[in-house]
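The letter at position 48 of the sequence shown is residue 48 when you use our numbering, and the numbering goes up by one with no holes.
Do not rely on the hints blindly, as some may be mistaken.
As the list claims (entries may be wrong) - In the DSS-like style, the derived pairs of lysine-lysine whose C-alpha atoms are separated by at most 27 angstroms in a straight line are:
(1) Lys93 / Lys65
(2) Lys119 / Lys65
(3) Lys14 / Lys47
(4) Lys114 / Lys14
(5) Lys137 / Lys70
(6) Lys114 / Lys137
(7) Lys14 / Lys93
(8) Lys92 / Lys47
(9) Lys65 / Lys92
(10) Lys14 / Lys96
(11) Lys59 / Lys137
(12) Lys114 / Lys51
(13) Lys70 / Lys92
(14) Lys137 / Lys65
Said to hold, decoys possible - Listed next, with one range per pair, are the computed distances between beta-carbon atoms:
(15) Lys137 / Met98: 32 to 40 angstroms
(16) Pro88 / Ile121: 38 to 46 angstroms
(17) Met98 / Gly54: 30 to 38 angstroms
(18) Glu95 / Gly36: 35 to 43 angstroms
(19) Asp64 / Glu139: 24 to 32 angstroms
(20) Pro142 / Leu45: 34 to 42 angstroms
(21) Lys14 / Glu140: 28 to 36 angstroms
No lab work stands behind these hints, which were simulated from the structure alone. Glycine residues also receive a C-beta, built at the ideal position from the N, C-alpha and C atoms.
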Amino acid sequence: MIFYRSFWIFLLMKILITGGSGFIGSNLANELLFRGHEVRLVDTLNKPAIKLDGVIVQKGDITDKEFLEKAVSGCEIVFHEAALISVPDSFKKPEKFMEVNVQGTRNVLEACRKHDVEKVILASSAAVYGDEPSIPKTEESPVLPQSPYAES
1 MIFYRSFWIF LLMKILITGG SGFIGSNLAN ELLFRGHEVR LVDTLNKPAI KLDGVIVQKG
61 DITDKEFLEK AVSGCEIVFH EAALISVPDS FKKPEKFMEV NVQGTRNVLE ACRKHDVEKV
121 ILASSAAVYG DEPSIPKTEE SPVLPQSPYA ES
């Protein structure tokens, strides 16, 4: 979370969090609200919706381009946290993981480009590194994905 600190110095920014009801997204939303930002969440809400006073929650899917266009409109920063995350499920439904995690991310980035979003912060997963033994991992570490989830 320290990475995000440089974005918290601005006041009253309009911020969208995709995957906003997940663990990272909901905690990020709490912190951004605490710091005075206008926070919008986008999520499929397949799990119980979080309850945060002052948050605009929009139910939708990142694979829906039209929905994303509306959700991103007017935002200055987008934190992209939405993804399918189950390694075992990714072996059962690899196409679905590619659709959501790859095409969905492309849709988020395209909507941000069209609406001149200033910053896009993308979350990834340590799964992309597979069994690569070096620690700590960095963005320059070799990627050795071992599942459709990690590939996506």
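Status of each hint after checking the structure:
Between Lys93 and Lys65 the CA atoms are separated by roughly 22 angstroms; this keeps the pair inside 27 angstroms, and the hint holds. Note on Lys119 and Lys65: the hinted pairing holds, with a Cα-Cα distance of about 19 angstroms set against a maximum of 27 angstroms. Between Lys14 and Lys47, the direct Cα distance comes to roughly 25 angstroms. Compliance with the 27 angstroms bound is thereby established for this hinted pair. The straight-line distance between the Cα atoms of Lys114 and Lys14 is roughly 16 angstroms, inside the 27 angstroms bound, and the hint therefore holds.
Proximity of Lys137 to Lys70 is assessed by CA-CA distance (about 36 angstroms); at most 27 angstroms being required, the pair is judged violated. Our distance criterion of 27 angstroms between C-alpha atoms is broken by Lys114 and Lys137, whose separation comes to about 33 angstroms. A threshold of 27 angstroms between alpha carbons decides the hint, and for Lys14 with Lys93 the separation of about 35 angstroms lies outside it, so the pair is violated. For the hint linking Lys92 to Lys47, the alpha-carbon distance of about 21 angstroms falls within 27 angstroms, and the restraint holds.
Distance hint between Lys65 and Lys92 is fulfilled; the C-alpha atoms sit about 26 angstroms from each other, no more than 27 angstroms. Only pairs whose Cα atoms come within 27 angstroms are accepted, and Lys14 paired with Lys96 is rejected, the gap being roughly 30 angstroms. For the proposed pair Lys59 and Lys137, the alpha carbon gap of about 34 angstroms is over 27 angstroms, so the pair is violated. For the hint pairing Lys114 with Lys51, the CA-to-CA distance comes to about 30 angstroms; that exceeds 27 angstroms, so the pair is violated.
Straight-line distance between C-alpha atoms of Lys70 and Lys92 comes to about 32 angstroms, which puts the hinted pair past the 27 angstroms bound. Taking the CA atoms of Lys137 and Lys65, the gap is near 33 angstroms; set against the 27 angstroms cutoff, the hint is violated. Distance hint check: the CB atoms of Lys137 and Met98 are about 23 angstroms apart, inconsistent with the given range 32 to 40 angstroms. Taking 38 to 46 angstroms as the suggested C-beta distance range, the pair Pro88 and Ile121 does not conform, at roughly 28 angstroms.
One distance hint, 30 to 38 angstroms for the beta-carbon pair Met98 and Gly54, holds here, with the actual separation near 35 angstroms. Separated by about 42 angstroms at the C-beta atoms, Glu95 and Gly36 satisfy the suggested range of 35 to 43 angstroms. The hinted range of 24 to 32 angstroms is satisfied by Asp64 and Glu139, whose Cβ atoms lie roughly 29 angstroms apart. Under the hint 34 to 42 angstroms, the C-beta atoms of Pro142 and Leu45, about 36 angstroms apart, fit the expected range.
At roughly 33 angstroms, the beta-carbon separation of Lys14 and Glu140 lies within the given 28 to 36 angstroms, and the hint holds.
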